[in-house]
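Protein chains in written order, with this note's numbering: chain W, 64 to 349; chain U, 339 to 604.
Don't take each hint at face value.
[Unchecked claim] No more than 20 Å apart at the CA atoms, straight line, and that leaves these computed lysine to any residue pairs for SDA-like:
| # | chain 1 | residue 1 | chain 2 | residue 2 |
| --- | --- | --- | --- | --- |
| 1 | U | Lys-527 | W | His-140 |
| 2 | W | Lys-144 | U | Arg-514 |
| 3 | W | Lys-141 | U | Lys-408 |
| 4 | W | Lys-144 | U | Ile-538 |
| 5 | W | Lys-94 | W | Thr-128 |
| 6 | W | Lys-144 | U | Leu-556 |
| 7 | U | Lys-527 | W | Leu-143 |
| 8 | U | Lys-517 | W | Glu-190 |
| 9 | W | Lys-144 | U | Met-536 |
| 10 | U | Lys-530 | W | Gly-142 |
| 11 | W | Lys-144 | U | Ser-532 |
| 12 | W | Lys-168 | U | Glu-533 |
| 13 | W | Lys-141 | U | Pro-483 |
| 14 | W | Lys-168 | U | Met-536 |
| 15 | W | Lys-144 | U | Glu-493 |
| 16 | U | Lys-530 | W | Leu-143 |
| 17 | W | Lys-260 | W | Val-195 |
| 18 | W | Lys-168 | U | Val-543 |
| 19 | U | Lys-408 | W | Gly-78 |
| 20 | U | Lys-517 | W | Pro-80 |
| 21 | U | Lys-527 | W | Gly-78 |
| 22 | W | Lys-97 | W | Gly-142 |
| 23 | U | Lys-408 | W | Thr-79 |
| 24 | W | Lys-260 | W | His-140 |
| 25 | U | Lys-517 | W | Ala-322 |
| 26 | W | Lys-228 | W | Asp-268 |
| 27 | U | Lys-469 | W | Thr-128 |
| 28 | U | Lys-517 | W | Lys-97 |
| 29 | W | Lys-132 | U | Asp-525 |
| 30 | W | Lys-168 | U | Gly-523 |
| 31 | W | Lys-144 | U | Leu-456 |
| 32 | W | Lys-228 | U | Gly-523 |
| 33 | U | Lys-575 | U | Asp-525 |
[To be verified] Pairwise CB distance ranges (calculated):
| # | chain 1 | residue 1 | chain 2 | residue 2 | range |
| --- | --- | --- | --- | --- | --- |
| 34 | U | Asp-507 | W | Gly-142 | 53 to 63 Å |
| 35 | U | Asp-507 | W | Asp-312 | 31 to 41 Å |
| 36 | U | Arg-571 | W | Lys-304 | 47 to 57 Å |
| 37 | U | Arg-571 | W | His-140 | 47 to 57 Å |
| 38 | W | Ser-87 | U | Glu-528 | 45 to 55 Å |
| 39 | U | Ser-532 | W | Glu-283 | 10 to 20 Å |
| 40 | W | Glu-283 | U | Glu-485 | 52 to 62 Å |
No lab work stands behind these hints: they were computed from the structure. C-beta atoms are modelled at their ideal positions from N, C-alpha and C, and glycine is treated no differently.
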Amino acid sequence: MAIRFEKVSHIYSDGTPYRYVALSDVDLELKEGKMTAIIGQTGSGKSTLVQHLNALLLPTAGKLTVLDKVIEAGGEHKGLKELRGKVGLVFQFPEYQLFEETVLKDIAFGPKNFGVSEQDALKQAKEAMKMVGLGKEYEERSPLELSGGQKRRVAIAGILAMDPKVLVLDEPTAGLDPAGTKSMMELFRKLNREYGKTVLIVTHDMEQVFGYCDEVVVIENGRVRTHETVREFFRDSSACKAMGVLPPDVITLKEMLIAKGFQVPEDVMDTDTLAKVIAKQVKHHG
Amino acid sequence: MGNFTLGRYIPLDSPIHRMDPRAKISAMLVVLIAIFFPAGWIGYGIIFAVVASVIVTARLSFRYILRSMKPMMFMMVFLLVINSLVMKTGTPLFTLGSFTLYSDAILQTLYIVVRLLLMIMITTCLTATTKPLDMTLGIEDLLKPFEKIHVPSHEIAMLISIALRFIPDLIDETNRIIKAQESRGVDLKEGKFSERIMAILSLVVPLFVSAFQRAEDLANAMEARGYAPGEKRTRYKVLKMETRDHLLLAGAFLLLGTMIWLAYFR
Ligand SMILES: Nc1ncnc2c1ncn2[C@@H]1O[C@H](COP(=O)(O)OP(=O)(O)O)[C@@H](O)[C@H]1O
Ligand SMILES: [Mg+2]
Chain W
64 MAIRFEKVSH IYSDGTPYRY VALSDVDLEL KEGKMTAIIG QTGSGKSTLV QHLNALLLPT
124 AGKLTVLDKV IEAGGEHKGL KELRGKVGLV FQFPEYQLFE ETVLKDIAFG PKNFGVSEQD
184 ALKQAKEAMK MVGLGKEYEE RSPLELSGGQ KRRVAIAGIL AMDPKVLVLD EPTAGLDPAG
244 TKSMMELFRK LNREYGKTVL IVTHDMEQVF GYCDEVVVIE NGRVRTHETV REFFRDSSAC
304 KAMGVLPPDV ITLKEMLIAK GFQVPEDVMD TDTLAKVIAK QVKHHG
Chain U
339 MGNFTLGRYI PLDSPIHRMD PRAKISAMLV VLIAIFFPAG WIGYGIIFAV VASVIVTARL
399 SFRYILRSMK PMMFMMVFLL VINSLVMKTG TPLFTLGSFT LYSDAILQTL YIVVRLLLMI
459 MITTCLTATT KPLDMTLGIE DLLKPFEKIH VPSHEIAMLI SIALRFIPDL IDETNRIIKA
519 QESRGVDLKE GKFSERIMAI LSLVVPLFVS AFQRAEDLAN AMEARGYAPG EKRTRYKVLK
579 METRDHLLLA GAFLLLGTMI WLAYFR
């Protein structure tokens, strides 16, 4: 078990007039090696939830287990830095954290902080650059003069260079162009499938959830409302409609076909199989 | 940083919250001046009682104000140490080797601590009960008479309001950057000297970048809406002094008078 929340609550600014309960009694288990989407409306507590995973925020009540580290509300906490090396967290709009003179140095900053030697850190940084699709020509440029999308890649590479076991991404594709979004999502899938990393991704895009993830966690008002597999979640469009978001195109198409009288088995969820099903039924009629 | 309370507006509803900002600012200045008269412990007792009753009326909690004192603890301890070393008047309290602690060292430090506490209480009464926007309107009006000697009252007020407006944002931004760098293994509490320097750089550089970015965005947004400094502007909100505001001012001056009397004419 990679991650387990047990009755975790988080209250911001407790004891002041600004007190705000951002998470209440969250129970959640995430298995190792899965790619999980965390969805929910703005302000529902997604960012608060993911910041618990590398102990940037500590629970105000409840108990949390990440990898082998147990974090209990009110307890003494040591070795949080070690956990931060194993759980890489990429913040919403991470491009604002760049500060080094060159892209390569900035990416190597993380591994160096975790005790990797200068040489190895640079090597890992170069690998991370390759992964996120930044060519060699960027190595010596200042990260501050890059475009928004390139800065985002540098920031993500900065976390990848730490080689974390668990990768947590808070809205990593917000504001990127469609091509950039696609290559990012493919990178995360590759990290999950080929490198065996557990990936958590906060997103608002149902196509991303549907196309790339294994499981879905829905957060609503600081509580976990649903946690199920992607196939279960998209068995029809009702879950999306309840959240007020657009379902993936394939699901919409499937429901339109059913409404027109086609017989579509429940487990058909991709365009190719759907096309075959229709073709067969059209031939029957023809 | 997360519990940074000093100077924050606290959205409650109380008679103090509803008062005219000009009256509140003037009263605060008058009472601040009153603190600096050497009116002795009786004087401080009176000021404390008055300010405490204002705090209660404003529905602020004392715990909250005490917490904003926390950052000054260090300074106070420092003061106590310095005072114990240099103050050699009053009655000796105890002797330790060649060092003797005198009563005046303690007394003098207490005096400063009490003054600081009172100053924080008084300014909190203003900042916690006055919306930043009202505060600027008040400052602008109070500076109006000085326009005759070319004090740009509107520009000053705009500067202050923008600064006030950005303080919470910059605090949030700092917290965000701290978290982002902590995720990359920055340790702000421990580490070698060179590591600490790096850690501080990793906060300061992004903070400056984002502050300049914000400033530029704001300037563009203001210009796009036709703002030009120095032009005549009308106001959406017109301030009006009422009986309670005059009473507050009268009370503040009465307090000042009492302190002067206690200090020099008794
Ligand atoms: N540092 C903070 N102090 C106080 N309240 C906060 C803080 N950070 C977030 N919140 C509040 O907690 C709620 C959840 O925030 P967040 O976890 O960022 O939501 P999401 O990522 O789902 O949009 C929001 O209502 C937000 O205003
Ligand atoms: Mg968020």
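For each hint, the structure was consulted:
no.	hint	result
1	Lys-527/U to His-140/W	holds (14 Å)
2	Lys-144/W to Arg-514/U	holds (17 Å)
3	Lys-141/W to Lys-408/U	violated (25 Å)
4	Lys-144/W to Ile-538/U	holds (17 Å)
5	Lys-94/W to Thr-128/W	holds (12 Å)
6	Lys-144/W to Leu-556/U	violated (37 Å)
7	Lys-527/U to Leu-143/W	holds (12 Å)
8	Lys-517/U to Glu-190/W	violated (25 Å)
9	Lys-144/W to Met-536/U	holds (16 Å)
10	Lys-530/U to Gly-142/W	holds (18 Å)
11	Lys-144/W to Ser-532/U	holds (18 Å)
12	Lys-168/W to Glu-533/U	holds (15 Å)
13	Lys-141/W to Pro-483/U	violated (59 Å)
14	Lys-168/W to Met-536/U	holds (12 Å)
15	Lys-144/W to Glu-493/U	violated (47 Å)
16	Lys-530/U to Leu-143/W	holds (18 Å)
17	Lys-260/W to Val-195/W	holds (16 Å)
18	Lys-168/W to Val-543/U	holds (14 Å)
19	Lys-408/U to Gly-78/W	holds (16 Å)
20	Lys-517/U to Pro-80/W	violated (24 Å)
21	Lys-527/U to Gly-78/W	violated (25 Å)
22	Lys-97/W to Gly-142/W	violated (25 Å)
23	Lys-408/U to Thr-79/W	holds (15 Å)
24	Lys-260/W to His-140/W	violated (25 Å)
25	Lys-517/U to Ala-322/W	violated (50 Å)
26	Lys-228/W to Asp-268/W	violated (25 Å)
27	Lys-469/U to Thr-128/W	violated (43 Å)
28	Lys-517/U to Lys-97/W	violated (25 Å)
29	Lys-132/W to Asp-525/U	holds (19 Å)
30	Lys-168/W to Gly-523/U	holds (15 Å)
31	Lys-144/W to Leu-456/U	violated (41 Å)
32	Lys-228/W to Gly-523/U	holds (15 Å)
33	Lys-575/U to Asp-525/U	violated (48 Å)
34	Asp-507/U to Gly-142/W: 53 to 63 Å	violated (33 Å)
35	Asp-507/U to Asp-312/W: 31 to 41 Å	holds (39 Å)
36	Arg-571/U to Lys-304/W: 47 to 57 Å	holds (49 Å)
37	Arg-571/U to His-140/W: 47 to 57 Å	holds (53 Å)
38	Ser-87/W to Glu-528/U: 45 to 55 Å	violated (33 Å)
39	Ser-532/U to Glu-283/W: 10 to 20 Å	violated (46 Å)
40	Glu-283/W to Glu-485/U: 52 to 62 Å	holds (55 Å)
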